[in-house]
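2 protein chains.
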Amino acid sequence: MKASQFFISTLKEAPADAEIVSHKLMMRAGMIKRLGAGLYNYMPMGLRVIRKVEHIIRSEMDRAGAVELLMPVVQPAELWQETGRFEKMGPELLRVKDRHGRDFIIQPTSEEVVTDIARQELRSYKQLPKNFYHIQTKFRDERRPRFGVMRGREFTMKDAYSFDRDVASAGRSYENMYGAYCKIFDRLGLQYRAVAADTGAIGGDRSHEFQVIADTGEDAIIYCPTSDYAANIELAEALALLPSRGAATQPLTKTPTPGKSTCADVAELLKLDLTQTVKSLVLATDELNEQGEVVKSQVWLLLVRGDHDLNEVKAGKLDGLKGGFRFATVGEIEAHFGCKPGYLGPIGLKAPLKIVADRTVANMADFVCGANEPDFHFTGVNWGRDLPEPDLVADIRNVVAGDPSPDGKGVLAIQRGIEVGHVFYLGTKYSAAMNATYLDETGKPQLMEMGCYGIGVTRILGAAIEQNHDERGIIWPDSIAPFTVVVCPIGMDRSEAVKDAATQLHQDLQALGIDVLLDDRGERPGAMFADWELVGVPHRVVISDRGLKEGQVEYQGRRDTEATKLALADVVAHLKQRLK
Amino acid sequence: MKASQFFISTLKEAPADAEIVSHKLMMRAGMIKRLGAGLYNYMPMGLRVIRKVEHIIRSEMDRAGAVELLMPVVQPAELWQETGRFEKMGPELLRVKDRHGRDFIIQPTSEEVVTDIARQELRSYKQLPKNFYHIQTKFRDERRPRFGVMRGREFTMKDAYSFDRDVASAGRSYENMYGAYCKIFDRLGLQYRAVAADTGAIGGDRSHEFQVIADTGEDAIIYCPTSDYAANIELAEALALLPSRGAATQPLTKTPTPGKSTCADVAELLKLDLTQTVKSLVLATDELNEQGEVVKSQVWLLLVRGDHDLNEVKAGKLDGLKGGFRFATVGEIEAHFGCKPGYLGPIGLKAPLKIVADRTVANMADFVCGANEPDFHFTGVNWGRDLPEPDLVADIRNVVAGDPSPDGKGVLAIQRGIEVGHVFYLGTKYSAAMNATYLDETGKPQLMEMGCYGIGVTRILGAAIEQNHDERGIIWPDSIAPFTVVVCPIGMDRSEAVKDAATQLHQDLQALGIDVLLDDRGERPGAMFADWELVGVPHRVVISDRGLKEGQVEYQGRRDTEATKLALADVVAHLKQRLK
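Residue numbers (UniProt numbering), protein chains in the order written: chain S, 1 to 580; chain G, 1 to 580.
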């Protein structure tokens, strides 16, 4: 490709609405162009990256035995009503009426349509397992689209759906996709981690997020550097930090703590370690009648150590809280504690409630908690002596760095990540709702076991840049760079030698199947180099008259701090070696 | 590819709603699956064809210097309001409101968005010409979607848009695209014709439709077999069939024609040739005030020969009719002719109107027309003698087969065609509406000259099948077949020799880059052959134990009436030769 036949549009400054580095750099490098809130034109430079990402995904999906099809962007509401998602999904689901007033949706995913295909096409156990995928435009009407392609409204997604005869086979399909995803992200050249994730109402342990490691990531990834344990923060198990409960050594003492309503302030005032304090969180659950009116509420007190945070996903899995919970109202708190928030604790309650202690809290002795009286805390609190044992002991907190790994093989660490893929065992959630059955060997209909597997194609661009950039611009991995090599001739219009050498090198690299761009725009060297460093082409060859006089050209990798002089005759071999 | 890793789903019968052969065969071959009215899932077999079509289009567009980008499916209404299309387009334009109540549309084409890009990105004459294209999902909310992919609601289209500094340069861009389209349709392996088409309000002569020749096509293509003249029926020029007007030889005679209200009936009754009769068509134009109310109407009488049909597009270009016309009401007809339709003619009018005679009618003598009295016609009618010369003589009829070619090089013929591509010079229609200017050499802003160039990607599948099928199924051209070669082993599960030979042949062909499918499903020969004839794979190799004993396999091209025996050792060379 020659630059003169392409479209290059770089900016010195990013627009003001670009908040994060990948958004800024994609705008500056002319990869995307804003059309509206969360809507982007993928400009020629960006589209080349998308196509390379798609190609890698497609080839590994095919190799894994998945079969590509294409489901429509505009989908009839009827199917979405069968699963209840037409009603259940919030305003993120873009709904539209056609000229006859019939309801349609713009697809955010395709579970309903693919299950409709499966229930018609996959009739017999002999046709299973089957995995259908497509790479298609998606739309999610985000309330606050931002961060460029990271949280856009229209985006490209690869979504795959597996259909199996039983749970064991579905497990193999899941593992197969997990393996394919590893190959995909390896080939994309990204540092990533597959982390166990919550399966919500589906249950089971088969849900993994593929997270691209980046300090700017929205997600916390928990992992053990000395084992293969990795999970997202919602799921990562927090063990008790105290192996057993110590004996009481202090008397229960009501201590004045005027104005100190947080554990940190109390610990500082009392010159205690924050790990001696206990935090009280008050939740409530409601029992509804058929009309959806609240007929009864139950208040819950959840206790975590002062330096820990409540994990709401874990709390939501407890018996009694599974059906959904909310934070208690000030009225409910006053009725149960006789006190406003800030000085709450489990001792001397006005009305009965359920107490859940985190595993660590349940083993604490001589701890500090609120006294249910403004400006007072208890110190020297001990289970059994000062208050009854908790109703329930459970893992209800987020892990923190330094926690023991749940596999017993080390200590947990935390990284930031950007979720770019997700593999998920669906069970019969959709097949049951849509009666997607196959006939087994005995001719009996059985529900299909399903899995779904997504990759955010356009989001990968943003994640790759968050992970790979410097002050000069993007640094693309070789496999997804818009061009792998750029040949920059200096003074091509003045020097036949430069022109000939550049043209020949361009041809030679093309002949080897290397994706090379010849910058024949005639820009000055500084502007030309700045453009390609911003765009992030990983390999650059500079050809100048001065160099050619010594038979030399300059090679510089995008991460190299300086250029390497190479004999013109050696540059092709050198690049072949680098691109291996 | 092995069949066991793919998804094959064929049907003996097409669903009842499939009206045309391509729709029936695509459904039966498992290429598409209906999701809703005008909405289809592209199943794996169909998607392979689409990808091959897209690949050919993309490579020729790139070669022609066009640059690919990707514009969103969901587009803000604001841009469509700038050109007025948001209001002007009918219910085919799918409109949608987002969660904030803002208006969006689902793109049917992308003139507005690409012009918005151009007015921001193409600032200088140095950046012109430029041609941007994308291959993207489109939606047109057809009132009556039908014929499968031929008139669906959601479809894939390649749309390109050129931007030039002046009319001459725009003409070169147009010719460039015209040439690229010829290469594309050549490579697609389709018989097609590029026909001149009407440019409507844009004017000029730069609009061509690319029509795939098929007897079942909706469009009439006019061409001259002895020259390169070709146009669609809306545009094709009809010359006067009489070089000059003959002298009057008959008296004007009012003749009873009871119940004979058509030219054909009158000619039969009077034992005259239909070419002696003249047909009267009554149109009306309205003058509106600022409130859009009709303040004045004008009635027009258009005369074409009895065996000819009015061409409304041509009529719509006449001075006075350009602003739009309608057929006259019965009231208007009675007021001007004193007679109901069926016996109308230009003699003895009650009120003045404008008379337009087709070129041929203007040269007729001794003709027959209605007498403006029920059950009576005039015979022996002659211009000048019996009625004044027409107000206007013009080409207002459709050409018919046998007409002289307008280039004087032969006689016109008519074929049926399916429009799959269109190249169109837009002028400054969109750039003026959206103020898309560039700075010329003197720094003065100038409107960009535009062209648009569409290819109906998914429609090509239907058109290719309408052109290439037989009673057994589809016959794909090599270049877009879902698989180029199918290897059919007979009794692969029983015979190691068959299995080895088939597997080896599959590998050898794959190694040559030939898109081959090994049918390892274990189907019986009859069912297997029927499937591949239905699907339309152009080349088939059958491997059987009996054949192998003689060292032979059977090759059959999809159009061949019988198989050819080949030595197993020669089959690769034979296929290489066939696929050249």
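Please note that the accuracy of each hint is not assured.
Cross-link-like lysine-lysine pairs, in silico, DSSO-like; alpha carbons within 27 Å at most [to be verified]:
{"hint": "1", "chain 1": "S", "residue 1": "2", "chain 2": "G", "residue 2": "350"}
{"hint": "2", "chain 1": "G", "residue 1": "24", "chain 2": "S", "residue 2": "33"}
{"hint": "3", "chain 1": "S", "residue 1": "24", "chain 2": "G", "residue 2": "260"}
{"hint": "4", "chain 1": "S", "residue 1": "126", "chain 2": "G", "residue 2": "499"}
{"hint": "5", "chain 1": "G", "residue 1": "260", "chain 2": "G", "residue 2": "350"}
{"hint": "6", "chain 1": "S", "residue 1": "499", "chain 2": "G", "residue 2": "130"}
{"hint": "7", "chain 1": "G", "residue 1": "429", "chain 2": "S", "residue 2": "33"}
{"hint": "8", "chain 1": "S", "residue 1": "130", "chain 2": "G", "residue 2": "126"}
{"hint": "9", "chain 1": "S", "residue 1": "12", "chain 2": "G", "residue 2": "444"}
{"hint": "10", "chain 1": "S", "residue 1": "499", "chain 2": "G", "residue 2": "126"}
{"hint": "11", "chain 1": "S", "residue 1": "340", "chain 2": "S", "residue 2": "254"}
Part of the chain S face toward chain G, derived, beta carbon under 10 Å [stated by the list, open to error]:
{"hint": "12", "residue": "86"}
{"hint": "13", "residue": "90"}
{"hint": "14", "residue": "92"}
{"hint": "15", "residue": "121"}
{"hint": "16", "residue": "143"}
{"hint": "17", "residue": "153"}
Derived by calculation from the structure, the hints in this document are not laboratory data.
Since the structure is predicted, the reported quantities are computational estimates derived from the model, not experimental observations.
Positions of the beta carbon are idealized from the N, C-alpha and C atoms, including for glycine.
Which numbered hints fail: Failing hints, ascending: 1, 2, 3, 8, 12.
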